[in-house]
Structures are given as structure tokens and as C-alpha cells.
Amino acid sequence: MTSLPLTARLFDYWVTVYRRTWRGTVINSFLTPLLYVVAMGVLLGGFVKADPSHLEGAGSYLQFVVPGLLAGQSMQLAFGETTYPVMGAVKWHKTYYGMLATPLRVADIALAHLSFAVVRIASSAAVFVLVMAPFGAWSSVPGAIGVFLIQLLVGLAFAAPVYAYAATLKDEGGFTVIFRLLMMPLFLFSGAFFPLGNLPPVLEWVARLTPLWQGVDLTRMCALGTWSWPAALAHVVYLGVCAVGGTWLGIRALERRLVR
Amino acid sequence: MPEVMISARELRKSFGDFEAVRGIDVEVVRGESFGFLGPNGAGKSSTMRMVAAVSPISGGELRILGRDPATDGSRIRARLGVCPQEDSLDPELSVRDNLIVYGRYFGMTRPAVRARADELLDFAQLTDKANARVEDLSGGMKRRLTIARSLINEPDLLLLDEPTTGLDPQARHVLWDKLFRLKQQGVTLVLTTHYMDEAEQLCDRLVVMDKGRIVAEGSPAALIRAHSTREVVELRFGVGEHEALADALADLADRVEVLPDRLLLYTDDGEAASVAVHDRGLQPVGMLTRRSTLEDVFLRLTGRSLVD
Numbered sequence: 515m516t517s518l519p520l521t522a523r524l525f526d527y528w529v530t531v532y533r534r535t536w537r538g539t540v541i542n543s544f545l546t547p548l549l550y551v552v553a554m555g556v557l558l559g560g561f562v563k564a565d566p567s568h569l570e571g572a573g574s575y576l577q578f579v580v581p582g583l584l585a586g587q588s589m590q591l592a593f594g595e596t597t598y599p600v601m602g603a604v605k606w607h608k609t610y611y612g613m614l615a616t617p618l619r620v621a622d623i624a625l626a627h628l629s630f631a632v633v634r635i636a637s638s639a640a641v642f643v644l645v646m647a648p649f650g651a652w653s654s655v656p657g658a659i660g661v662f663l664i665q666l667l668v669g670l671a672f673a674a675p676v677y678a679y680a681a682t683l684k685d686e687g688g689f690t691v692i693f694r695l696l697m698m699p700l701f702l703f704s705g706a707f708f709p710l711g712n713l714p715p716v717l718e719w720v721a722r723l724t725p726l727w728q729g730v731d732l733t734r735m736c737a738l739g740t741w742s743w744p745a746a747l748a749h750v751v752y753l754g755v756c757a758v759g760g761t762w763l764g765i766r767a768l769e770r771r772l773v774r
Numbered sequence: 002m003p004e005v006m007i008s009a010r011e012l013r014k015s016f017g018d019f020e021a022v023r024g025i026d027v028e029v030v031r032g033e034s035f036g037f038l039g040p041n042g043a044g045k046s047s048t049m050r051m052v053a054a055v056s057p058i059s060g061g062e063l064r065i066l067g068r069d070p071a072t073d074g075s076r077i078r079a080r081l082g083v084c085p086q087e088d089s090l091d092p093e094l095s096v097r098d099n100l101i102v103y104g105r106y107f108g109m110t111r112p113a114v115r116a117r118a119d120e121l122l123d124f125a126q127l128t129d130k131a132n133a134r135v136e137d138l139s140g141g142m143k144r145r146l147t148i149a150r151s152l153i154n155e156p157d158l159l160l161l162d163e164p165t166t167g168l169d170p171q172a173r174h175v176l177w178d179k180l181f182r183l184k185q186q187g188v189t190l191v192l193t194t195h196y197m198d199e200a201e202q203l204c205d206r207l208v209v210m211d212k213g214r215i216v217a218e219g220s221p222a223a224l225i226r227a228h229s230t231r232e233v234v235e236l237r238f239g240v241g242e243h244e245a246l247a248d249a250l251a252d253l254a255d256r257v258e259v260l261p262d263r264l265l266l267y268t269d270d271g272e273a274a275s276v277a278v279h280d281r282g283l284q285p286v287g288m289l290t291r292r293s294t295l296e297d298v299f300l301r302l303t304g305r306s307l308v309d
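Just so you know, the sequences run in chain order B and A. Note that the first sequence ends on residue 774 in this note's numbering; no numbers are left out. Note that the second sequence ends on residue 309 in this note's numbering; no numbers are left out.
These aren't lab readings, by the way, just hints derived from the structure by calculation. Possibly wrong hints are sitting among the right ones.
Stated by the list, open to error - SDA-like mimics (lysine to any residue), calculated; alpha carbons at most 20 Å apart, straight line:
(1) B:K608 - A:K143
(2) B:K684 - B:R766
(3) B:K608 - A:P92
(4) B:K608 - A:G141
(5) A:K130 - B:R534
(6) B:K608 - A:D137
(7) B:K608 - A:S95
(8) B:K608 - A:F107
(9) B:K608 - A:D178
(10) B:K608 - A:L152
(11) A:K130 - B:T530
(12) A:K143 - B:V604
(13) B:K605 - B:G571
(14) A:K143 - B:K684
(15) A:K130 - B:V531
(16) B:K684 - A:L152
(17) B:K608 - A:R134
As the list claims (entries may be wrong) - Some chain B residues well away from chain A (every beta-carbon gap over 12 Å; in silico):
(18) Y550
(19) Q590
(20) V691
(21) L723
(22) L747
(23) V755
As the list claims (entries may be wrong) - To give a feel for the contact side, a few chain B residues facing chain A, derived at Cβ under 8 Å:
(24) D526
(25) H607
(26) T609
(27) P617
(28) V773
(29) R774
Ideal placement from N, C-alpha and C gives every residue a C-beta, glycine not left out.
Next comes chain A alone, as it looks inside the complex (with noise of 0.2 Å):
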């Protein structure tokens, strides 16, 4: 039996009258890479936050690490890695001595840190900027730190909240290369995410929310599999024209979906599907064809997109 890291049960979480999280059942075993994925809203910053045992739970039951936060957060916090979703990083101290101090809150010794200090400024390629103040850090970099600075203590559990939002393309292509490997060296990863290809890219298994709840869960080829096609044709009209076009082109699909900018064709083979639309004349602006991604899972479980 793998050892069990995060055990949910109908687990709650309100603010006033607002239900957040809505009773999910999540289960995280040593060695997984678990994401929650989901529109802004839906809950995985309010789940994630209880999961780091720094809010209390309104209802249900949660066992992390086998203990109970209300009662062993101190202890829970002590084996866990936390990247939160803002920077909470000093911004006047310097890269090496955020990671130093933060090592100390630990109970590490001077020396045991110093030296992770310099492993993990490798690991999140910082060394040249051991001695820059953070202020002065790009958004990539400052993120890198954090990383860096939740892998101070080793953890056995790794909490990345929204790790790549508001990183440029490259930047987040860097940081998925910095998880992965955590990944291969077997930490157990928890992470959420409103980007599709990062839930595909890095997570084993994933829960889709959406308003507080869970709407799905599985592999991400699973959930494809389970919910959409293999293919989509995405047919680009003018403005206005594709509500009315939806109803001439259902037969050529096993689904149609309207969006305001475009229409999607949901088929097994899409080259089959590309060709009949010419066929019956039809001149899309723009065409086409690839494979169905987290983000058609989404909008079939919700009827909405990912990103607002």
C-alpha cells in the first residue's frame, strides 16, 4: 500500500455566507503528481490553503501526512514545501538570504543551510544572482526562488498553487523543466492550475473543479478519452454567423460547441470532418484541426473555458 500522503472527505471550506469548497473527496498517495484543475474560483486556492494546514477546514474530514491540521499544523508544516500562489518573498534581502532565514524557520543549522542554500541556487539557476536584492529579480526568477525556497526542508510534499500564472511562455517552459525533474526524483507534487497543458505536462492524475466541486477525476489522457473526441475542427466565421451554423454542420460531428469566436466540430477523425465542410460549400475564415485537449473536457463538464 503506498502510503497515503492527503486524505479528503467531504471536505468544506466557507467564508460568511460564500461556500468555497463544496464537500470533495481527494486522495494523494507518496510519489504522485496530483493536480487540481480549474477556473478562477472554483476553489483550488481555498483547498490548496487547507492542504498547507494555514486555514482551517469548515466542514468534513482532512488528514495530511496522516495527522490532522487542526490540531499538528506546526508538525504537518515542518515536512511540507509551499509555493504559493503570490510571492511572499522579502523583497529587500537578497536571494541567498531569503532562502537562509526561511531554512532556519525549519530548525535547520546554519551550516545545513547554507549548504542547501547553494544546491537549490543551482537547481533554480540563481547562483549568479546569489547577492541581488529580489526587488530587483525578473517574475520568472522570482518565482524560481520561491520554488527554490519551498525545497528548503526537503519536503516530502510539494504545494504549488497556480506555479506558472503570470509568467511569459518561456519563463514557464523553464520552470516546467525545474518540476519535472522533482518529479523524476519521486517528490510528491500538488498543484493547481487553470492552464491546460500544464495539467498535461505535469500531472499523473487530476481533479477538475469547478464552483466548490469536483467534476471529474482521472489521467489526462483518461479524462480526454472519458469526455471529448480524439479531434477537433475549430471553424473561424464572421462575426454572428456561428450560432446559425451550428445546426447545419451538427450531423458532421458527434458534438458541436458554440463560442462567441468560433465553432468547434468534436470527431474522431477530423480530416473527414474538414473536408465535408468544404464540401456543402461552406468558407470558414479559418480552420483548423488538432487534438482534444483538458481544455474540451472543461468546457463539456461546465459549459464553460478555462480562462475568462
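Here chain B stands alone, though its shape is the one from the complex (with noise of 0.2 Å):
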């Protein structure tokens, strides 16, 4: 028996839930971006009259914000889905356990789970790429095309590790202590809203380091048409490795956690 037909099991297992929440989360991921862009981009950007060659190449603070705002709404709804529904799985309901009595592994059970966060994180990104589209915001339709699939790697990559984590919390305290003091400063200051070389040179390099950054500066060179290969390779490794490796520390801390 592979691995690959048991984590499929789980499919309509999670069809069935995304059924019951779809429409929540469809408003959502319409309404939250327009909101943004015409706060940020539309009323903010029109203060903002900076020469393009300090936006990164963006002809407007607009094009300059959206791709931030897109990898920054990623990286959140990685951080939603891997946080409270884990606990949940885990500890209120208990339904892992549920699953765990089937011919299911927890390998399975993990690599579904976040199958699921990505699918929830790609449908967001979809949605958001649509509605940017008539504000100018991707310089070409392949660009666009790009922009979207680059979200399914950032949300894997801060899913993962986040994922790991929730599996090793006996209760949901931990939560806030990461939405407060990670999600939050690097949704601010990794780049989304200002060019990072606005920052003082030693927080500018802190800022380049940040698991943010690598998704932010990979989605605005696409949507910009400012594509860079070497910095896009490095993006893209950086980001594969946080994906990769929190899958593996996932699937062993809920090992840890379920089989006892």
C-alpha cells in the first residue's frame, strides 16, 4: 500500500468541510483585498508620489503594494489554517484520533491537512489576482499566472513549519504569542508597504531574511515583469526549504503527539 491512495481518502473528508464554509470564505477573499487596495493602494498610494526607481520598479505605489498585500494575505491564511483547526483536530474534537482508528496514518492525516490549507490559500490568491486585475496591478497575463502560483509556495511554506507548531502546543495560548510577535511584524515590515531600503542598513538586512521577504519580493518581480533569476532561484529555494522541512517537522510532531 502506498501513501499516496490513503492521504487521497481523505478527500471528501475535506471536500465536505470546505462545502460548509465556502461561501464565508469566497466574501472574504473578495471583500478583504478590494478593502486593502483602495485603502492602501487607491487613498494612501495618492499621497505617495515617489519616483519609480525607488518602488522597485512600480509605476505607481499601487502596482508597488498589491503583490506585498497578496503574499502578506498568503502567509496569514497559512497561519489561520494551521493554528485553531489544528488544536481542534487534535485536542477539542479530537478528530485526528478518529482518523488515526482508520487504515490512515498520521503521514496521511498531515500531508492532507495542509493539502487543504494550500487549496484554501490558492483559492484566496485566485480570487485576489481577479479582482486586482482591473486596478492595473499585473504587468502581463502569464505574470499574472505566475503571481498566482507563486502564493501555493508561500502558503506551504509558512503552513508547514506553523503547522509543526500547533502540533506540539498543548493549548492555544502559543497561538497568540506568534500571531502577536511573528505573523504581525512581518506582515508590517517585510516589505509589503515600503521599499526595504527605507530601513536602517542593519534592520534592512534583518528584513531581507525574513521568510516574508522571499515571497513578497518573488511576487512583485513577477507581477512587475522585474523578474530576476538568481534573486527568484534564491527566493525559491529559501521558500521550498521552509515548505519541505516544516512538512517533515509536522508530520513528526503530530506523530509525537497522537501516537502514545
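Both chains are sitting in their own frames, so use the hints and assemble them into the complex.
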């Protein structure tokens, strides 16, 4: 028996979960970017009269901020999908224990949950890309498709390590800590809203080392058509290591938690 | 030779320094209804989790359906039905969806699992509630759904960990009826319980566990014969009087047991013992003559009550 068919047996479960919640998700993923782009891109951006050379090649602040907002959204959704839902499945509802009483194995359960998180992130990213198109956020159709695909990687790069962390937690108090001390600072200071060059040199380098910056820069280069292969490759490798390493850690953490 | 469903030799389970199961030997054959009776902390649930192939053994040998759970866990679990002590239903899904997604975990096709779900909803008397969300069900209904779910794959071996704990008496009787029907159909049942009436109702054979060890084994009737008398007279006196009166009554029974709130006289003729108590001029506040139960067996074997 190979792993793939067993993992796929969780497909109907997650489809059922999605069918129950998709309406709220779609409205949310449609409204959130619209509100953000109006507030930050149009209204705030109206005051930003920077030279395009200071905006990493963007023609306007709107074009600059939209890719950053998208990568930031992918990160936030990843946190959302792999924190409380994991605690629920392990501790509150014990649905994972129900799954584990069947032929499914721990790795199947973890991989299926992470796949669902990526699908959620992907569907929100797709809506975001479509909603932003009329604002002239994407330089080309292939660029827009690339932006969408990059979100799958960004999403998993955050979802997998956060999943691993969530699987080790005994109670939900630890989530508040990472939301406040990790997610919010990353969202605000990883180059989504302003060019990293505006930071003092030391902080700039710290920001360049954060995982969200990799996602922001990758998304922005693809959106603006300012693609640089060496930089892109470095970002992809960085995010890929987070995704693969995080998945491995996540399976291991869940194994330790459930199999006692 | 009947097929051996579970075979454990010197089976052990430790959590750090704590030994939950300290070397037990168990064999369960096809069609049998087998019980682990014991108080909380006796090692019943740890044993069940090992038998369910979800908890690695710490020592000894375990074969389930002829396979080793360490290497064949997934294939063993494919043929088991498990009703855990705590519900693991998805509270946000409907009753029917809980059954359907679960059947899919066993690789059943969608049409097959739909048909099976309808049968089980009928069996569990939940057809009217098929589209209700699980979080809106009563405790008894959730238990029935959990048992229905454990039958989705038509298991060879059904494991029930404290199936009726926390239910009101009526809901327990409904569940016992369901389990009795399964037993009649020849399903091999293995259950843990700390209710002696449950063990008497459902088990052909059981082991009494205490502190990780098996202290007795046999059918409920044989255990009562071997470890207790036919009848018991329960006497209640004023607070604090029981200890002192125990000696005065010792010659009226085979054995006298002192509990905080009553005295138990173990005798084969309860009527005669009751009369003798009155003849001595004693006026108990309450007096009751009853048959011996597994509770008495447990008290005899461990010096403690089942439900503390």
C-alpha cells in the first residue's frame, strides 16, 4: 500500500468541510483585497508620489503594494488554517484520533490537512488576482498566472512550519504569541508596504532574511515583470526549504502527539 | 480451532516511569464477547489502544487478526471497528456526513458508503437526525453515532472503550440492546467497562484488571462462583458503627466486608443471615439481600470498589 491512495481517502472529508464554509471564505477573499487596495493602494497611495526607481520598478504605489498585500494575505491564511483547526482536530474534537483509528496513518492525516490549507490559500489568491486585474496590478497575463502559482509556495512555506508548531502545543495560548510576535511584525516590516531600502541598513538586512520578504519580492518581480533569475531562485529555494522541512517537522510533531 | 482475533503475551505499556500495563496474557477468539473490567487507571484503555493498533507496545508480544501491529498497523485497522472512550466525531458536519467521510477512509466507494450509512442510521435510530449537525445531538445519540461509525467497514473485530460511560440509564439500555444485537450477529466484541452490570450483560468472558495486571479471568457467572458467595446481605448502621459491628456479625457469614457506608455479609443464604441479625437485637437503618455481582468479585480481589 502506497501513501498516495491513503492520503487521497481524506479528500471527501476536506471537500465536505469546504462545502460547509466556502461561502464565507469567498466573500472574505473577495472583500479583503478590495478594501485593502482601496485604502492603501488608492487612498493612501494617492499621497505617495515616489519616483518609480524608489518603488522597486513599480509605476505607482498601488502597483507596488498589491503584490505585497497578496503575499501577506497568503501568509496570514496559512497561519489561520494551521493553528486553531489543528488544535481542534487534536484536542477539542479529536477528529484526528478518529482518522487514526482507520487505515490512515499520521503522515496521511498531516499531508491531507496541509493540502487543504494550500487549496484554501490558492482559492483566495485566485480571487485576489482576478479582483486586482482591473486596477492594472499585473503587467501581463503570464505574470498574473505566475503570481498565483507563487502563492502556493508561499502558503505552504508558512503553513507547514506553523502546523508543526501547532501540533506540539498543549493549549491555544501559544497561537496568540506567534500571531503578535511573528505574523504581525512580518506583515508590517517585510517589504509589503514600503521598499526595504527605507529601513536602516541593519534592519534592512534582517528584513531581507525573513521568509515573507522572499514571498513579497518573488510576487512583486512576477507582477511587475522585473523578474531576476538569481534573486528568484534564491527565494524559491528558501521557501522550498521552509515548505519541505516544515512538512517533515509537522509529520514528526503529529506522530509524537498522537501515537503514544 | 476457532480463529484467534487477539493474542497478547506478557503485554506491557509504559509512559515514562509509569507502567500502565504490567505484563498481561489475553486471547480472544472469533465470535466471542470479551471484556476488560476494572476501575479507572487499571490499564484497560492503554490495552485497548494497543489492540486498536494506534499505540506501540512497550514489551511482550501482540498479534491482532494474526498480524503484528508494529509493522501492519494500517492493514489491521482496516478490519477493526473502534468506538473510543471520548467521541471523535466532527461536530460541524452532519450525522450522515460523519458516516460517509469515515467510510471513505476505509477505501469504500461512494455508492457503497452511502448505502451503508443509511443502514447504520437505521440501526442507530438516527435516520430522523441524518442531516442534523453532530454538535446538536444528545450524549446518547453521539455515542450511538460513534458505534454506527465504527461499524461502517463491517469490522471483524469491534473494540468499545467504556461505551456507556457518562450516559443516563435509559440511553445505556438502548446501547446495550444495540450491542447485544451485534453479538447475536456473531460480531467479535471487545469492551472495557467499570460497570459490572454492563460486563454481566454483554460479556461471555472477561478479565478483571487492577493496577496494570489481570487479577482474574472467566465468565461472569464463574467469576462470581469462584470469588464470592451466592448472596450478599447489605447492612447500614449509624455513621462509625460499621467497624465495631463487623466482629459481632463475623460468625453469621462466610466473610464480612466493611465499607465506609455499609457492611456486606457474604453468605449462601441471605434470608437466614438477615433473620440472625435481627435475633441478635441489632436494628440496622437499612437492610437488603441481593445476589452477588462482579462488584463483589472485584472487592474480594482488590479490596476496593470499582467506582470510587
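Results of checking the hints against the structure:
1. Distance hint between K608 (chain B) and K143 (chain A) is fulfilled; the C-alpha atoms sit about 14 Å from each other, no more than 20 Å.
2. Restraint check for K684 (chain B) and R766 (chain B): the C-alpha separation of about 16 Å stays at or below 20 Å, so the hint holds.
3. Of the supplied pair hints, the one linking K608 (chain B) and P92 (chain A) holds, its CA atoms being roughly 10 Å apart against a limit of 20 Å.
4. For the hint linking K608 (chain B) to G141 (chain A), the alpha-carbon distance of about 18 Å falls within 20 Å, and the restraint holds.
5. Among the hinted pairs, K130 (chain A) with R534 (chain B) is consistent with the structure: their alpha-carbon atoms are about 18 Å apart, no more than 20 Å.
6. For the given pair, K608 (chain B) sits about 17 Å from D137 (chain A) by alpha-carbon distance, which is consistent with the 20 Å threshold.
7. For the suggested pair K608 (chain B) and S95 (chain A), the alpha carbons sit about 16 Å apart, so the restraint of at most 20 Å is met.
8. This hinted pair checks out: K608 (chain B) and F107 (chain A) have alpha carbons roughly 18 Å apart, not beyond 20 Å.
9. Using a Cα cut-off of 20 Å, the hinted pair K608 (chain B) and D178 (chain A) is violated, with the two alpha carbons roughly 27 Å apart.
10. Restraint check: the Cα-Cα separation between K608 (chain B) and L152 (chain A) comes to about 19 Å, which is no more than 20 Å; the hinted pair holds.
11. Among the hinted pairs, K130 (chain A) with T530 (chain B) is consistent with the structure: their alpha-carbon atoms are about 18 Å apart, no more than 20 Å.
12. Taking the CA atoms of K143 (chain A) and V604 (chain B), the gap is about 19 Å. The hint holds against a cut of 20 Å.
13. The suggested pairing of K605 (chain B) with G571 (chain B) is violated, with an alpha-carbon distance near 48 Å, which exceeds 20 Å.
14. Annotation: proposed proximity of K143 (chain A) to K684 (chain B) is violated, straight-line Cα distance about 26 Å (limit 20 Å).
15. Restraint check: the Cα-Cα separation between K130 (chain A) and V531 (chain B) comes to about 19 Å, which is no more than 20 Å; the hinted pair holds.
16. With a C-alpha separation of about 32 Å, the suggested pair K684 (chain B) and L152 (chain A) falls outside the 20 Å cut-off, and the hint is violated.
17. Distance check on the hinted pair: K608 (chain B) and R134 (chain A) sit about 16 Å apart at the alpha-carbon level, within 20 Å; holds.
18. With a closest Cβ-Cβ approach of about 29 Å to chain A, Y550 (chain B) is found to remain outside the 12 Å limit, as its non-interface label requires.
19. No beta-carbon of chain A is positioned within 12 Å of the beta-carbon of Q590 (chain B); the least distance is around 22 Å.
20. Interface exclusion of V691 (chain B) from chain A stands, the closest Cβ pair being 26 Å apart, more than 12 Å.
21. Listed as a non-interface residue, L723 (chain B) keeps its Cβ farther than 12 Å from every Cβ of chain A; the least gap is roughly 39 Å.
22. At roughly 39 Å from the closest C-beta of chain A, the C-beta of L747 (chain B) stays outside 12 Å, upholding its exclusion from the interface.
23. The claim that V755 (chain B) is not at the interface with chain A holds, since no C-beta of that chain comes within 12 Å of its own (minimum 30 Å).
24. Contact between D526 (chain B) and chain A, as hinted, is supported at the beta carbon level, the nearest pair being about 4 Å apart and thus within 8 Å.
25. Interface restraint check: H607 (chain B) against chain A, minimum CB-CB distance 6 Å, threshold 8 Å, status holds.
26. For T609 (chain B), the shortest C-beta to C-beta distance to chain A is roughly 5 Å, which falls under 8 Å, so the interface hint holds.
27. At a threshold of 8 Å, the smallest CB-CB gap from P617 (chain B) to chain A is about 4 Å, leaving the interface hint in force.
28. Evaluation of the V773 (chain B) hint against chain A yields a held restraint, the C-beta minimum of about 7 Å falling below 8 Å.
29. Because the smallest distance between the Cβ of R774 (chain B) and any Cβ of chain A comes to about 6 Å, under 8 Å, the interface hint for this residue holds.
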